[in-house]
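**Q** Listed below are the residues making up each chain.
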Amino acid sequence: MSEHHTVPFKTYLSVLIILLFLTVITVAVAQIDFGAWNTFIAMFIASVKGALVLLYFMHLKYEDRLYWVIFGSGVFFVVLLFFLTKIDIITRVLEVNTL
Amino acid sequence: MIPLLFFSLKGYAQTSTEKLPPVTDYAEKLDTLYHFLVGISVVSCILVIVAFAYFSIRYRRKSEKEQGSAKVSHNTLLEFIWSFIPLVIFAVAFVWGWILYYDFKRPPENSLEIHVYGQMWNWTFVYKNGKKTTNEFYVPSHKPVKLIMTSKDVLHSFFIPTFRIKQDVVPGIYTSLWFKANRKGKFQVFCTEFCGTGHANMLARMHVVSLKEWEDWLAHDPYKGLSLAEIGKKAFQGRCTVCHTTTKEKRIGPGLSGLMGAKREFTNGKSLMVDENYLRESILNPSEKIVVGFPNQMTPFAGTLSEEELSGLIEYIKTLK
Amino acid sequence: METKPSPQTKPLAHHFDSYEQQESAGTLGMWLFLCTEILMFGGLFVGYVLYHSLYPEIFKAGATFLEWKKGGINTVVLLISSFTMALSIYYAQKNKMKACRMSLILTLFCGLLFMLIKYMEYSHKMHVGIFPGKFFAYTGEGNVEGLALYFSFYYLMTGLHASHVLAGMGLIGWALFRAFQNKIGPNNYKPLEYVGLFWHLVDLIWIYLFPLLYLVE
Amino acid sequence: MAENKNYLNWQKGISSWLLTLDHKRIGILYMITIFSFFLIGGIFALLMRLELFSAGEDFIKTDFYNQAMTYHGAIMVFMVIIPGIPAFLGNFFLPLQIGAKDVAFPRVNLLSWYCLVTGALIACFSLVLNGVDTGWTFYTPYSIRTSTSVIPVVLGAFIMGFSSILTGLNFIVTIHKLRAPGMTFFRMPLFVWSLYSTAIIQILATPVLAITLLLLIAERVLGVGIFDPNLGGDPILFQHFFWFYSHPAVYIMILPAMGIISELIVAFSRQNIFGYKSIVMASIGIAAVSFFVWGHHLFVSGQSEWAGIIFSGLTMLVGVPTAVKVFNWTATLYKGSLKFDTPLLYAMGFLFLFLIGGVTGIILATIAADVHLHDTYFVVAHFHYVMVGGTLMAIMGGFYYWLPKMFGRMYNELWGRVSFALIFIGFNVTFFPQFILGAEGMPRRYADYPLPYEPLNQLSTLGSWFIGGGFVVALIAIVWAIFKGPKAPANPWGAKTLEWETTSPPPHENFSETPQVTTGPYHYGN
Chain A
2 MSEHHTVPFK TYLSVLIILL FLTVITVAVA QIDFGAWNTF IAMFIASVKG
52 ALVLLYFMHL KYEDRLYWVI FGSGVFFVVL LFFLTKIDII TRVLEVNTL
Chain B
60 MIPLLFFSLK GYAQTSTEKL PPVTDYAEKL DTLYHFLVGI SVVSCILVIV
110 AFAYFSIRYR RKSEKEQGSA KVSHNTLLEF IWSFIPLVIF AVAFVWGWIL
160 YYDFKRPPEN SLEIHVYGQM WNWTFVYKNG KKTTNEFYVP SHKPVKLIMT
210 SKDVLHSFFI PTFRIKQDVV PGIYTSLWFK ANRKGKFQVF CTEFCGTGHA
260 NMLARMHVVS LKEWEDWLAH DPYKGLSLAE IGKKAFQGRC TVCHTTTKEK
310 RIGPGLSGLM GAKREFTNGK SLMVDENYLR ESILNPSEKI VVGFPNQMTP
360 FAGTLSEEEL SGLIEYIKTL K
Chain C
5 METKPSPQTK PLAHHFDSYE QQESAGTLGM WLFLCTEILM FGGLFVGYVL
55 YHSLYPEIFK AGATFLEWKK GGINTVVLLI SSFTMALSIY YAQKNKMKAC
105 RMSLILTLFC GLLFMLIKYM EYSHKMHVGI FPGKFFAYTG EGNVEGLALY
155 FSFYYLMTGL HASHVLAGMG LIGWALFRAF QNKIGPNNYK PLEYVGLFWH
205 LVDLIWIYLF PLLYLVE
Chain D
795 MAENKNYLNW QKGISSWLLT LDHKRIGILY MITIFSFFLI GGIFALLMRL
845 ELFSAGEDFI KTDFYNQAMT YHGAIMVFMV IIPGIPAFLG NFFLPLQIGA
895 KDVAFPRVNL LSWYCLVTGA LIACFSLVLN GVDTGWTFYT PYSIRTSTSV
945 IPVVLGAFIM GFSSILTGLN FIVTIHKLRA PGMTFFRMPL FVWSLYSTAI
995 IQILATPVLA ITLLLLIAER VLGVGIFDPN LGGDPILFQH FFWFYSHPAV
1045 YIMILPAMGI ISELIVAFSR QNIFGYKSIV MASIGIAAVS FFVWGHHLFV
1095 SGQSEWAGII FSGLTMLVGV PTAVKVFNWT ATLYKGSLKF DTPLLYAMGF
1145 LFLFLIGGVT GIILATIAAD VHLHDTYFVV AHFHYVMVGG TLMAIMGGFY
1195 YWLPKMFGRM YNELWGRVSF ALIFIGFNVT FFPQFILGAE GMPRRYADYP
1245 LPYEPLNQLS TLGSWFIGGG FVVALIAIVW AIFKGPKAPA NPWGAKTLEW
1295 ETTSPPPHEN FSETPQVTTG PYHYGN
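Chains as they are written, first to last, in my numbering: chain A, 2 to 100; chain B, 60 to 380; chain C, 5 to 221; chain D, 795 to 1320.
Simulated from the structure, these hints should not be mistaken for lab results.
Beta carbons: idealized from backbone N, C-alpha and C, even for Gly.
A couple of the hints might just be wrong.
Claimed, not checked - Straight-line distance between alpha carbons at most 16 Å, and here's what the computed EDC-like set of lysine to aspartate or glutamate pairs gives:
no. : chain 1 : residue 1 : chain 2 : residue 2
1   : B       : 164       : D       : 1099
2   : B       : 164       : A       : 96
3   : B       : 205       : A       : 96
4   : B       : 78        : D       : 1248
5   : A       : 87        : D       : 1099
6   : D       : 1133      : B       : 123
7   : D       : 1129      : B       : 125
8   : C       : 73        : C       : 125
9   : D       : 1071      : B       : 138
Unchecked claim - Label-pair restraints from in silico Cβ distances:
no. : chain 1 : residue 1 : chain 2 : residue 2 : range
10  : B       : 327       : C       : 123       : 30 to 40 Å
11  : B       : 130       : C       : 22        : 40 to 50 Å
12  : B       : 203       : A       : 100       : 12 to 22 Å
13  : D       : 837       : A       : 37        : 49 to 59 Å
14  : D       : 941       : A       : 77        : 39 to 49 Å
15  : C       : 149       : D       : 809       : 51 to 61 Å
16  : D       : 810       : C       : 174       : 27 to 37 Å
17  : B       : 203       : D       : 1075      : 44 to 54 Å
18  : B       : 131       : C       : 174       : 55 to 65 Å
19  : A       : 77        : C       : 149       : 30 to 40 Å
20  : C       : 174       : A       : 77        : 24 to 34 Å
21  : D       : 853       : A       : 91        : 42 to 52 Å
So here's chain A without its partners, still in its complex pose (with noise of 0.2 Å):
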């Protein structure tokens, strides 16, 4: 684990600027209806914001394995919980009043 590795100043002020100007193209992308992708693609707009935030302001590039194993763990059981609450979701084939 770098212990005291510093990450140069210039490294920092590009990574603003450019979650600065995905943000500018999530919100501009978002006024265009691609209709079911719309959800799609600004979740892959933050999905890329958020890994330049992990990467570089959490330090998470320098750091070993073990910090990207706890993150993914994190994210991977939510997707899961999600992932089988939906499929009971989806397969629900529900009754009707036929009185």
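We have chain A already, so just place chains B, C and D on it with the hints.
**A** Same frame as chain A, now just chains B, C and D:
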């Protein structure tokens, strides 16, 4: 310990089939699966118990300083075998369970549909021709019957032990159960999802009768030739006795004797003399006016009471002095 | 890494063998805590997405009420605050303590700005009677049956996030106080880094919250 | 010889206990908290069994029975069995077994004890209000409608959740960062491995409970309608969120118990464990797969058919590593030199009862059988066999095993065996008839039952008096041993793990000098 295991399992196997003889084909198939599972459990329990009982006796410590002498600390083949065999057995149980569940979830096309309404502490059954009954309902034998169920307040669960079937009754959506009884008789129905004070006495009784008897019962109007007050008394028995008494004694709800014309204060500050409109409103939509000192726990009876029964109830309450 | 005992060195706790062990333990502990935060917010996000697909028309109607401009500004504000937070650690490592304190103050300011915009959004909605759950009393146009459910999710998610922004600002205030006591320096910036990790996580959650609530119909 | 300085007597006074940062003293504080709540929960259980002695409403009113059922469940789950082993025996022996001076964050350790006590007091405060009668599962919409005070209990459980999260966090960091030199991951004792896999579940599952309970409070206070069907919510979704935590929580309860049983079986057969690696893999495997199986609680709740099939299949998978562990323990006894002291008796009790609990779990995992058996006394018997037969047996076994190390005194062997016999026989007489009752369709959470179920219920109530008697005898024997027992040597059982190399009771800083580890955890004579 082994004798305890044998005694209870022998007793168990004998009583469960004697106490709850299967009444539908599904129940018979389930019993075979169930006895297979219990058999596997007993065999595996005995195997492991005999193993560690034998080891315990055979390898008792002889001297204070004695150490264990097993040379081998793991054996990959043995470990593979005793993880693969349980996996196979569990897979067999899973598939067998799936086959039955597949059948349990698919009611035949032509099944007779009965609507079931669960509410805080009684069941109401509504047939196609509008006939409504509470806690007692009749079903023809040798015909597939499909129950379409919903709840009017909280979660309940419709469980017929002799038929080995159960399904939660969820407010907001309809769930269903189906069965085809092969034998006539009276069968107990339980509510198995916790629903408050009256959960333990939210019992219904199912009468499986021949087709002809069932059709007569369907056409028979239980209230024919009875005066309004007598109809009310009959309707009162099935639904209201869990919370209300016909005397002054307070249970969950107030005692109803001398109610007509009495003065009542409500939680919203207003108060009025009890009359027919107040009685009608408090039965159909009780949370409108809650008498001071009582919880707002009564579930509306709108939809499960016929007009005849409603006016009969009001007449009956008026007779209670 | 030689451990020259500069005045800004934190005393080594009795049960650790070296600074490095103590600090890597702190980082691991912080990342585990972030994992629990992700799971808690994740549970709420899963509820939101499930109900979004169960009642698309309610959520579509609800989304029109949100001013995505304010949401956008808030995103920019939080991104800048993340930047200044990272800078404060950068300056602490470089032993430029004045600049470090300045960037901490800037981060606090951004946090305040975020809460201010959030307050404006809330008061604007509450003014027209949009409250969560059973207190929902909005009768204006664009009202759809069941809109209270949408705004319950809106208030729950942004409220929980705002409470974490406040907690983060409290932590930054504590870090600022220690910086003024000259307790933070190149050998002892780790507590500042833990506060930074928490603040970045709060920003990360808003990065996902913003498009999910404001942009997506 | 002069009373040697140890963690018990090097500081005096109440504040030295209430503000202690020593993991051993915090372990003792947890012990007192957990066993006092165990007594309260036990009293509720005995009251329930008394009421169920005969059909009809005799000793206690139905309302009070429903509250006794809820408090028995909530107290036993949240205040006794989840913190039970990790916080008490885990806190005390994790640093000792890996050769560390203390846990990674001592202050966080004390904070998690205060979280447990505060949460427990808030939850028990509802006893003074008008109680709670929703069952420990708080299923909506009943938990929203009921006029009983649900919010204090839910708030209490929310705060106790943090105690579990912080303990898990503390243990993972301690195991990663504070192992003695030379102790690689595969030289750690199995109790430490079990605490590691438990901590993983505590970190990953408890936050979802936190948000679920928050939403339930929001439901009651603000009427948000997420779980309330009248406002468009879905009660089945609450069950999904609740069981996403609560099934991994039952593995939080059983994994540390398995760790203790590994220690006991090894120490009392005085030879290396059989299949160390496969037990480690099984622990981590159970921790991972436990998150995939929660849907088997919803088979008849209105969950879709296909989700039910998927969950039934996945539940079968989680059964395999559990079975492997039982076979490994039995194989460890082969060619050992077994001595039947009380800890080994409890380990044998665990093996017997957990076996029955495990196989009945597989019966319930088979989806068609669960349709018949769900929410009946079959399920009640199953989880008591796994929880009392599993975790309680392990706590008692671990307590007797480590009592000499914790208090420097020996317990009385005779009374240990008497209390074991009472508890073991009483347990079987109480809960085995409930399997039969369940198969005959007696639903659970019933304050009253139809007459045909009466004989077996009477037998079950008779058994519950034996369990009560057994635990009272055990309590007296242990308290007597702690204060009056004869002096115990540093290593009374000749065990090989690190905690036996320091004096008993251990000094404040655990080891005079940090131990060097060169071999595996159980290096016996061979």
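**Q** For every hint, state whether the structure bears it out.
**A** Results of checking the hints against the structure:
With a C-alpha separation of about 7 Å, the suggested pair residue 164 of chain B and residue 1099 of chain D falls inside the 16 Å cut-off, and the hint holds. For the given pair, residue 164 of chain B sits about 12 Å from residue 96 of chain A by alpha-carbon distance, which is consistent with the 16 Å threshold. For a cut-off of 16 Å, the pair hint linking residue 205 of chain B to residue 96 of chain A stands: about 11 Å separates their Cα positions. About 13 Å separates the Cα atoms of residue 78 of chain B and residue 1248 of chain D, which keeps this hinted pair within 16 Å; it holds.
With a C-alpha separation of about 13 Å, the suggested pairing of residue 87 of chain A with residue 1099 of chain D holds against the 16 Å cut-off. With a C-alpha separation of about 9 Å, the suggested pairing of residue 1133 of chain D with residue 123 of chain B holds against the 16 Å cut-off. At most 16 Å may separate the alpha-carbon atoms for a hinted pair to count; residue 1129 of chain D and residue 125 of chain B meet this at roughly 11 Å. This hinted pair checks out: residue 73 of chain C and residue 125 of chain C have alpha carbons roughly 11 Å apart, not beyond 16 Å.
Annotation: proposed proximity of residue 1071 of chain D to residue 138 of chain B holds, straight-line Cα distance about 11 Å (limit 16 Å). For the pair residue 327 of chain B and residue 123 of chain C, the supplied restraint of 30 to 40 Å holds, since their beta-carbon distance comes to about 35 Å. Taken as a hint, the range 40 to 50 Å holds for the pair residue 130 of chain B and residue 22 of chain C, whose Cβ atoms sit roughly 41 Å apart. Judged by the Cβ atoms, the range 12 to 22 Å given for residue 203 of chain B and residue 100 of chain A holds: they are separated by roughly 19 Å.
The hinted range of 49 to 59 Å is satisfied by residue 837 of chain D and residue 37 of chain A, whose Cβ atoms lie roughly 57 Å apart. Taking 39 to 49 Å as the suggested C-beta distance range, the pair residue 941 of chain D and residue 77 of chain A conforms, at roughly 41 Å. Under the hint 51 to 61 Å, the C-beta atoms of residue 149 of chain C and residue 809 of chain D, about 59 Å apart, fit the expected range. Distance hint check for residue 810 of chain D and residue 174 of chain C: the Cβ-Cβ separation is about 31 Å, which falls inside the suggested range of 27 to 37 Å.
Restraint check, residue 203 of chain B to residue 1075 of chain D: a C-beta distance of roughly 49 Å satisfies the suggested window 44 to 54 Å. Between residue 131 of chain B and residue 174 of chain C the C-beta distance comes to about 59 Å, which sits within the given range of 55 to 65 Å. For residue 77 of chain A and residue 149 of chain C, the hinted distance range of 30 to 40 Å is satisfied, since their beta carbons lie about 37 Å from each other. One distance hint, 24 to 34 Å for the beta-carbon pair residue 174 of chain C and residue 77 of chain A, holds here, with the actual separation near 31 Å.
The hinted range of 42 to 52 Å is satisfied by residue 853 of chain D and residue 91 of chain A, whose Cβ atoms lie roughly 49 Å apart.
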